[in-house]
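Novice: So the protein lines, in turn, are chains A and B.
Under this note's numbering, the first residue of the first sequence is numbered 17, with each subsequent residue one higher.
Under this note's numbering, the first residue of the second sequence is numbered 256, with each subsequent residue one higher.
If you are wondering where the hints come from, they were derived from the structure by calculation, not from laboratory data.
Yeah, the Cβ is synthetic: ideal placement off N, Cα and C, and Gly gets one too.
Derived Cβ-Cβ restraints for the label pairs, each shown as a range:
1. E306/B - L91/A: 13 to 21 Å
2. D425/B - A93/A: 34 to 42 Å
3. G290/B - H68/A: 16 to 24 Å
4. N342/B - L91/A: 22 to 30 Å
5. S264/B - R92/A: 25 to 33 Å
6. S346/B - R86/A: 17 to 25 Å
7. K400/B - Q85/A: 19 to 27 Å
Derived DSS-like pairs: lysine-lysine, alpha-carbon spacing no greater than 30 Å straight-line:
8. K321/B - K95/A
9. K95/A - K262/B
10. K321/B - K82/A
11. K82/A - K343/B
12. K329/B - K95/A
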Amino acid sequence: MLMCKDLAEIASDYIDGELATPQNLAIKMHLMMCRHCRSFIGNLRVSTDLMHAHSSSAPDEALMRKIDQRIAEALRARKKG
Amino acid sequence: MDTAVHKDSEHALIEALQHGDGSAYERAVREYSSGMLAVARFYLDPSSAEEIVQDCWVTVIDAIHKFEGRSGLKTWLHRIVANRCKNKLRSNKREVTTDFTEALDPELADRFNASRRWAQPPRLRFDESADTLLENGALSDCLDKHLSALPETQRSALMLYEAHQHKSEDVCNILDVSASNLRVLLHRARQRIFLMVETFQESGEC
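Chain A on its own, in the form it takes in the complex (with noise of 0.2 Å):
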């Protein structure tokens, strides 16, 4: 019988659709009747969409003013040299 330990072993597997049918329909009997493992399955999804969302932000000013001030210093540097 599949426990609680075992789904957590290969929870990513279920959210990625990566599982044989057997597994899968043992993971979703489990989760029938656990709710701790929902409430983990649900979490791990968001962790999961959380790096979704997170990556696309577009870079901001303050990156953009570090680029130019050392761009500035190596360009000093080389008319110096």
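Dock chain B against chain A, hints included.
Specialist: Then chain B, alone, in the frame of chain A:
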């Protein structure tokens, strides 16, 4: 924009860069950095990606003299970024490696009892969507911090697969890991993010 005009203006920009014209650099940084950052984020966590982009611009000051215009400026810049990222990944290969036989992060594994049930179940449910959670700047900063602390291969797997939605086989090629080990890397990295968000949501601490 008309391609011919675009080529002319790119040519003028390249000449200005070769002459070390500071304002030309400022224009180029604003035009090309967002694409360069997107490339760096294929490979690295956000803060390392920003560092690489900064370093690349400094490299460009010398390298631009060797730019022969066989490709567009943008492609050339993206290639510099990609090469730097790959080198960084390679040089970090001797890092603490992930134990591929363990599917669970040790901290999470400790939360189950001997009969494999939850001893310390998830302490709360993340009710908000990822987008809503990220509106909290402190959580976003905390995420950056934890991403930086992940073992490099876990982080790269997470960024390549999750954030940039590369296909699994591409990620395996870039990171030189088997498909099953990639699954372990992804799962382990996601658990770290889960544990981080749980602590943050519960206590506000990072």
